[in-house]
Amino acid sequence: MTTVLAVIPARGGSKGVPGKNLAPVGEVPLVTRAVRECLGARLTGAVVVSTDDPGIAAAARAAGAESVERPVEISGDTAASEAALLHALDTYEERHETTVDVVLLVQCTSPFLTRDDVDKVTAAVLDGADTALTVAPFHGFLWRDAAQRHGAGGHGVNHDKAYRPRRQDRPEDLLETGAVYAMRADGFRSERHRFFGRTELVRTDPARVLEIDDPHDLARARALAPLLDGVPGSPPPPLVHGALPRRDDIDAVVLDFDGTQTDDRVLIDSEGRELVAVHRGDGLGIAALRRAGLPLLILSTEQNPVVAARARKLRIPVLHGIDRKDLALKQWCEEQGVAPERVLYAGNDVNDLPCFGLVGWPVAVAGAHDIVRAAARAVTSAPGGAGAIREIASWILGKELRTS
505 MTTVLAVIPA RGGSKGVPGK NLAPVGEVPL VTRAVRECLG ARLTGAVVVS TDDPGIAAAA
565 RAAGAESVER PVEISGDTAA SEAALLHALD TYEERHETTV DVVLLVQCTS PFLTRDDVDK
625 VTAAVLDGAD TALTVAPFHG FLWRDAAQRH GAGGHGVNHD KAYRPRRQDR PEDLLETGAV
685 YAMRADGFRS ERHRFFGRTE LVRTDPARVL EIDDPHDLAR ARALAPLLDG VPGSPPPPLV
745 HGALPRRDDI DAVVLDFDGT QTDDRVLIDS EGRELVAVHR GDGLGIAALR RAGLPLLILS
805 TEQNPVVAAR ARKLRIPVLH GIDRKDLALK QWCEEQGVAP ERVLYAGNDV NDLPCFGLVG
865 WPVAVAGAHD IVRAAARAVT SAPGGAGAIR EIASWILGKE LRTS
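For what it's worth, our numbering labels the leading residue of the sequence shown as 505, then goes sequentially.
Just so you know, these hints were derived from the structure itself, not from any lab. Where hints are given, some of them may not hold.
[Stated by the list, open to error] Quick list of the computed label-pair ranges, beta carbon to beta carbon:
hint, residue 1, residue 2, range
1, R794, E597, 18 to 28 Å
2, G559, G776, 26 to 36 Å
3, G658, E598, 49 to 59 Å
4, E601, E778, 32 to 42 Å
5, E597, R828, 40 to 50 Å
6, G644, G776, 49 to 59 Å
7, P675, L771, 38 to 48 Å
8, H659, R784, 44 to 54 Å
9, G559, G797, 28 to 38 Å
10, D773, G797, 48 to 58 Å
The beta-carbon is built from N, C-alpha and C at its ideal position, and this holds for glycine as well.
Modelling step: build the complete structure from the supplied sequences, incorporating the hints.
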């Protein structure tokens, strides 16, 4: 099985924009936006944030990523991203006793990165390229001012200033976006730079190309966020509200299935069988909760073999085809000897509201119904089917999850 690791370098220090990587755009910190898109990508197996800043590390873990403490010697202004990438890659492989096949370098200073971009550069390497990056079509005339060196004034870089061909008569130039790069991990470790071998160029929407290097860039990103984040004119939902649950707060975890462990879509084949997509990171989070000794339950309204199959895979009990989920939950708590106020229940739709009213820790996944988010005690940054359960596990277990 191919292992794909996304690494997000995020130093605490920034001269251009102090505290840049925690700066909110569309009500969401930059580092969390990057984590959310990486977790939402279909081909990404794990996400690591490399940082020297405790606040960034905490935000990364709350969003569902792992954090790697970056050594001082590679945390300065002159440190290359490749150094942080190599360190995070080595740390992850040692921590999980595994070998990474494809490593991604993801820059959280590109606030409008999409999970589709992440999947496309990953797919390019999986399909045979050594490296890949996102680029955007560029049709401008570039100039360079050489007056200070030569006294000759400006000269054209990608054109002859005596000849100005029409756009359709010029070869297409492509601008490196700086958002996401993919590399074969073994080749990267050998060559120690991001453009070895055959490099695949993955085109992306030029409207989303923006790198935050100074306060003006940040102001532009905040102005554009309502247009580029989801529904035009509507900012994304808040990341979390209220305190986050910790291990001392929780005695059991109960999970809805459709829309919470999946993206709420159903594929139906010609035989009428239903298929859903789940996130591998959620499985890792559930396994860690199980190892921590927490009672777990999947509670679903749908009577579906897919739900039962997923529960068997995760090795946790399931109750499905349940009309009154709150009554089933109350009976399960009594059988387990667990007080409902010590239970975390994760859901996404209005049929979860009775359970929200029963437990002490109602949690909604990002993308849940507005009424459900309003009733929740906390809201994940990742949507259902994109690592939301892994994120919840990171809240509860913290370091125990990262080292398990």
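Now the hints, each set against the structure:
1. At about 24 Å, the CB distance of R794 to E597 agrees with the hint of 18 to 28 Å.
2. Hint check: G559 to G776, Cβ distance near 50 Å, so the stated range 26 to 36 Å is violated.
3. At roughly 52 Å, the beta-carbon separation of G658 and E598 lies within the given 49 to 59 Å, and the hint holds.
4. The given range of 32 to 42 Å is respected by E601 and E778, whose C-beta atoms sit roughly 36 Å from each other.
5. At roughly 47 Å, the beta-carbon separation of E597 and R828 lies within the given 40 to 50 Å, and the hint holds.
6. Roughly 53 Å separates the CB atoms of G644 and G776, a value that falls within the hinted 49 to 59 Å.
7. Under the hint 38 to 48 Å, the C-beta atoms of P675 and L771, about 41 Å apart, fit the expected range.
8. Between H659 and R784 the CB atoms are about 52 Å apart, so this pair conforms to the stated range of 44 to 54 Å.
9. Take G559 and G797: their Cβ atoms lie about 30 Å apart, and the range 28 to 38 Å holds.
10. Remark: the range hint 48 to 58 Å for D773 to G797 is contradicted by a beta-carbon distance near 39 Å.
Consistency note: the structure conflicts with the earlier hints numbered 2 and 10.
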